[in-house]
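**Q** Chain by chain, the residues:
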Amino acid sequence: MRGMTLIVRTVTSLVSAFILLYGIYIVLYGHLSPGGGFAGGVILACCVILLVLAFGKKFVDGLISERAPYLWDCLGALLFLAIALAGYYGGQFFYNFLVAPESHAAPVTAANVAGNYRLFSSGIILPCNIAIGIKVAACLFGVFAVLAVFRPMKTQEGETR
Amino acid sequence: MDISLALYLLIGFMIASALIAIEARDLLSAVVSVSAAGAGLSIIFLLLGALDLAIVQVVVEVISLIVLIRATVTRKDTTYDSRPNTFAVAGGLVFCALLCAACYWAFGGLVPFGTPKMTMGMPYLVNTFQRTGAPNAVAGIILDFRGYDTLGEATVIFVAIIGAYVLLRHVGRKPDARHDAHR
Amino acid sequence: MIPYFLAIVLLAVGVYAIACKRNLIKVIIGSMICEYAVNLFLILMGYRWTATGAPIRTPAMDKAAGSADVVQRAQHFANISVDALPQALILTSIVIGLGMTALLAAMAIRLHEKYGTFDVAEMRKLQG
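Line by line, the protein sequences give chains A, B and C. Position one of the first sequence corresponds to residue 32 (the numbering used here), numbered consecutively onward. Position one of the second sequence corresponds to residue 31 (the numbering used here), numbered consecutively onward. Position one of the third sequence corresponds to residue 1001 (the numbering used here), numbered consecutively onward.
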């Protein structure tokens, strides 16, 4: 697959770092502002797809193997399952064991307030968002790679590119 | 603020783009029209107060556009060259009209638009911040109160993408030059 | 009732495309339209006229609640936000729809490579 023109390549090399940072921000702050693991993961996949589209197949030939997106996908899914099973430490499957135990009590009173609007104040939600972000980014980039990078496209005239 | 007018305009825009998408002869135009419908849906989500969904819908639309453009690189819809099957098309239209009529009759029993009952939604909204520590109620619901559903969804995505990998891999039936290029 | 009915009209357009079109790409487009229609219907069920915003709580909202009691603040937030439960369901549904579109496109590409066409009537005749 060929790359694109000089304008596209220059703008991509300037902008792709900001897109990556934005994707990471949306994954990490998913419990404080709109976003979360799914939106951030898809944005990260879009960033890598932009790099591959702008610079061509030679850019990724040495960098990623054919199995790399598949392995990161499985790693993200297993990490999510591991966090869910770690809830047994608190007593149930998927239990939020990092939040103070008083806040799980049934009546909501002033004594069992858990939140204070900070990054680490919401228990297992942050690690879960990170795991889902890794998983979704890897699987969507893997679908794009297997469609367009590892498989030559035949246009109508029969040429391969 | 009354959003009814903007809502009706946007839903009308979505229906128009959907009709253009399914009747266009050029496949690339059809794919771009359905992406316009998706963008309209994202603006509707923004109007109705669903900010997480608007972000996810826009970026998912971009990925679907890339995947479909890769699939339609041949670009020409050749099914219009032969005679259309009139009975099939007429039967389809009759069925769709019956669907709309049945739903119009059935929706008389729904609560009016804008006044939901929220028997399950109210306890979630009241208790999310205290029990999970997350100000974003949607994130608290999908990852704490209903985390098992999110695990099921991760599994479904995983299986769908593995299916796409299996369909598109190179395990060859005939030897050709593609195998040598990837060693 | 009118917004719900318009969402069902969109669903009917998608069902017509899946059932009556001979090109595989139009069938995939029809399934995407059906999925948009269902998500639209679900989110229309969750909207409230009396709500002022998304279900995301801010410290400014806490100050505007008027009292320092925790229960009062939570009730104030629940009164001014739209229903959050349909949004959680639709988030799942949108991402699964993307996986389904990718799988259908992969099938369409393989079929095109084998038969040389996207037309299902031609494929039925060729019987490869």
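Derived from the structure by calculation, the hints contain no laboratory data. Treat the hints with care, as some may be off.
As the list claims (entries may be wrong) - Distance ranges between label pairs, derived from CB positions:
#1 B:Thr145 with A:Val46: 29 to 35 angstroms
#2 B:Ile192 with C:Ile1002: 41 to 47 angstroms
#3 C:Ala1064 with B:Val124: 53 to 59 angstroms
#4 A:Tyr119 with B:Asp179: 39 to 45 angstroms
#5 B:Asp179 with A:Asp92: 51 to 57 angstroms
#6 C:Gln1075 with B:Leu140: 25 to 31 angstroms
#7 B:Ala127 with C:Gln1072: 49 to 55 angstroms
Claimed, not checked - Restricting the straight-line Cα-Cα distance to at most 30 angstroms, the calculated cross-link-like pairs of lysine-lysine (DSSO-like) are:
#8 C:Lys1114 with A:Lys89
#9 C:Lys1063 with B:Lys147
#10 C:Lys1125 with C:Lys1114
#11 C:Lys1125 with A:Lys88
Said to hold, decoys possible - Covered stretches of chain C (in silico footprint by chain A; criterion: 3 or more residues with CB under 8 angstroms from a CB of chain A, positions within the stretch not fixed):
#12 1006-1016
#13 1028-1036
All residues carry an ideal CB built from backbone N, CA and C; glycine is no exception.
**Q** It remains to establish, for every hint, whether it holds in the given structure.
**A** Verification of the hints:
1. B:Thr145 with A:Val46: 29 to 35 angstroms: Given range 29 to 35 angstroms: violated, Cβ gap about 45 angstroms.
2. B:Ile192 with C:Ile1002: 41 to 47 angstroms: With a Cβ separation near 42 angstroms, B:Ile192 and C:Ile1002 satisfy 41 to 47 angstroms, so the hint holds.
3. C:Ala1064 with B:Val124: 53 to 59 angstroms: With a Cβ separation near 54 angstroms, C:Ala1064 and B:Val124 satisfy 53 to 59 angstroms, so the hint holds.
4. A:Tyr119 with B:Asp179: 39 to 45 angstroms: 19 angstroms, violated
5. B:Asp179 with A:Asp92: 51 to 57 angstroms: Because 40 angstroms falls outside the window, the suggested range is violated.
6. C:Gln1075 with B:Leu140: 25 to 31 angstroms: Because 27 angstroms falls inside the window, the suggested range holds.
7. B:Ala127 with C:Gln1072: 49 to 55 angstroms: Given a distance of about 52 angstroms, which is inside 49 to 55 angstroms, the answer is holds.
8. C:Lys1114 with A:Lys89: Within the cut-off at roughly 28 angstroms; holds.
9. C:Lys1063 with B:Lys147: 27 angstroms, holds
10. C:Lys1125 with C:Lys1114: 14 angstroms, holds
11. C:Lys1125 with A:Lys88: 38 angstroms, violated
12. 1006-1016: violated (count 0)
13. 1028-1036: n = 0 at 8 angstroms, threshold three: violated.
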